[in-house]
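Asker: Using the hints, position chain B against chain A.
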Amino acid sequence: MRYTFLLYSDPADFAHMTPEDWAREKEVYGAYIGALQEAGVFLDTDWLHPAETATTITLKDGEKRVQDGPFADTKETLGGFFAIDVPDLDAALVWAEKCPAAKHGKVEIRSSAMGSS
Amino acid sequence: MTQACAQARAEDVARAAYGKLLAMLASRTGDIAAAEDALSEAFLAALRTWPTRGVPDSPEAWLLTAAKNRRIDQARKDARLVVTNEVPEMTDVFVPDLDETLDERLKLLFVCAHPAIDVAIRTPLMLQTVLGLEAEQIARAFLVSPTAMAQRLVRAKKKIKSAGIPFAIPDVASLPDRMASVLEAVYGAYAVDWLEGAGDLSHEAFFLSTILADLVPKDPEALGLTALIGFIEARRDARVHENMLVPVPDQDTDLWDMAMIERSANMLSRAATLGKTGRFQLEAAIQSVHAARSATGQTDWRALSQLYAGLVKLHPTIGAVVGRAAVTVEDAGPAEALKLLAKIEGPETDRYQPYHATHAHCLSRLGRIAEAAAAYDKAVSLCTDLPSRRWLAQKVAELRQNIS
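Residue numbers (the working numbering), protein chains in the order written: chain A, 1 to 117; chain B, 1001 to 1404.
You may find that some hints are simply not true.
Stated by the list, open to error - Rough simulated footprint, nothing fancy, chain A against chain B, three-plus residues with beta-carbon under 8 Å:
1. 1138-1146
2. 1373-1382
What the hints assert, rightly or not - Taking CB as the label site, the calculated pair distances span:
3. LYS106/A with PRO1166/B: 33 to 43 Å
4. LEU1047/B with PRO19/A: 19 to 29 Å
5. ASP13/A with LYS1161/B: 22 to 32 Å
Treat the hints as calculated values from the structure; they're not laboratory data. Source: prediction; values computed, not measured. By construction, the Cβ of each residue, glycine as well, lies at the ideal position given by its N, Cα and C atoms.
Chain A extracted, bound-state conformation (with noise of 0.2 Å):
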C-alpha cells in the first residue's frame, strides 16, 4: 500500500542554521532517502520552500480567490513529503520512525486512497 508521511516543522527550530548545517542536513536526508531506495520501498519526495512563499487559491463559493500565503498560519508548517509503498501500517511506521524530519518536527502517516475500494 501506498503510504505519504507529511513533513510538519517550526520554522523557528532552523533559524540558526548555517549553510554547513543544510549540507548536513542534506546529507542525513540523502542516506534516509538512500535506505528508502535500498531497501525497494521509495515512491517520490521533495522539499518545499517556506509556507511564507505559498500561493493559495480556491474557487469555492463560486469566485475565484488568490492567497499571498499559505491557506492556514500554523506554528508548525508542512515542509516536504515521502511517498513509500510498504504492505502496511506497521512498515509505515518503522520507516517513519527513522525519518529525519522526525526527530525535530512531527511527520503525519496518510494512506493512499486510490484504488482502494
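Answerer: For chain B alone, kept in the frame of chain A given last:
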C-alpha cells in the same frame, strides 16, 4: 618544535584527557559550558606557546592550570574588573592525583545521567563532555541536524548549572539506580548503529565503556557492559558478507578479533568473582558462549538456552524472550520455541522485526512453509537495516522455491 608538531601533541593530549580535565574544571562550579570555553582557550594557548617554549613535561597539568587561570580571568571579567588576557607564565605546578581525576570523571558521568536530564540527551552529553566529541559528529550518528543537537546539548548544560545538579558520587541508597542509568546511556552510545558509516560511534562507545570499567572496577555490571560491547565489536568484520547479514552461528571465526574476545572474557570472569549477576553480565556471557565456537567448532545451545532463561527472569524484555526462543529452536526444538513466542504475542510484538523473523524460523523448521514465508515477509517489511533485510529476503525466496 614545529607548529604542526605542537598541534599534533595538543590534539593527542586533548583526546586522551578531555573528559578528565573538563570534569576537574566543571566540578567546582557546575558550569560545563564555561569549563569547555576555558579548556578550549587553554588548548589555543598551548598551540601558541608550545612551538616556541616547548611542550611542558606534563602537558595535562599545563592545560589544567591555563584553563583554571582563564576561568579566573573570566570570573573577574564578569565582576567587571580590569584583567589582562595574557596567558600567564606557567610551570607544571599541579600534578593531579590519579584517583582524584578518576573520581571527577565518574562524577561527570553521574551528572550526565542524572534523572533530571532528559533520557534522550544523556548519551550525547556523555560523548561530548567525557570524550570531547563535536556536536556535529554526535548529530550525524543520531541523525539530527548539528544545530538541533548543539541546541539540545546547550540546553542540557544550562539545566545542569541552573538546577544545581551536584557533581558528586550519589549516596548509597540511590547509587544502584544512578549507576544503572549511567550504564544504560553508555550502552545507548553503542546501540546507535543505524545507517552505519554515516556516523558510527561504536569505537567511542567501547572506549566509554572501558573508562567506566576503570572507574568502578568493583561494579560487576560495568565490567559486564565492557565485556558485552567487546564481544560484539570483536565480530565486526564477520557480521556482513557481500552486503548481507551473517548470523553469529554462521560467521567465519577466522574473521573474529581473538585478542578482543580474550579481553572480554577476562573482564567477564573478573565480574563473576564479584558475585552479583546482572543483565549486562548475562548478555556478555551469552556472547562468550558464541565466542567459544572459535575454539570448540560448535555452538553450545544448551548453555545459551540456560543463560537466556536467566536473562528473561532478571531482565524480562521482549528482546530477551525472542532471543531465548531463537536459541530454544536449536535446543528444545521449534515447538517449544513457538510456545515461548506465543506468551509474548500482542501489540508490542506487531512491529518488532526479530519476533517475526524468529517466528518464521520456528514455523519453517516445523514444515509450516506457507505460514513461515508470510512471517518472513512481515519481518522484511519491518526491517530497516539493509544487510538484515537482504538476509531475510533471501530466506523468503528459499522458502518460496520449496513451495513451488
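Asker: Now tell me if each hint is right for this structure.
Answerer: Each hint, compared with the structure:
{"no.": "1", "hint": "1138-1146", "verdict": "holds (count 7)"}
{"no.": "2", "hint": "1373-1382", "verdict": "holds (count 4)"}
{"no.": "3", "hint": "LYS106/A with PRO1166/B: 33 to 43 Å", "verdict": "holds, 36 Å"}
{"no.": "4", "hint": "LEU1047/B with PRO19/A: 19 to 29 Å", "verdict": "holds, 27 Å"}
{"no.": "5", "hint": "ASP13/A with LYS1161/B: 22 to 32 Å", "verdict": "holds, 23 Å"}
Comparing the model with each earlier hint shows no violations; every hint is respected.
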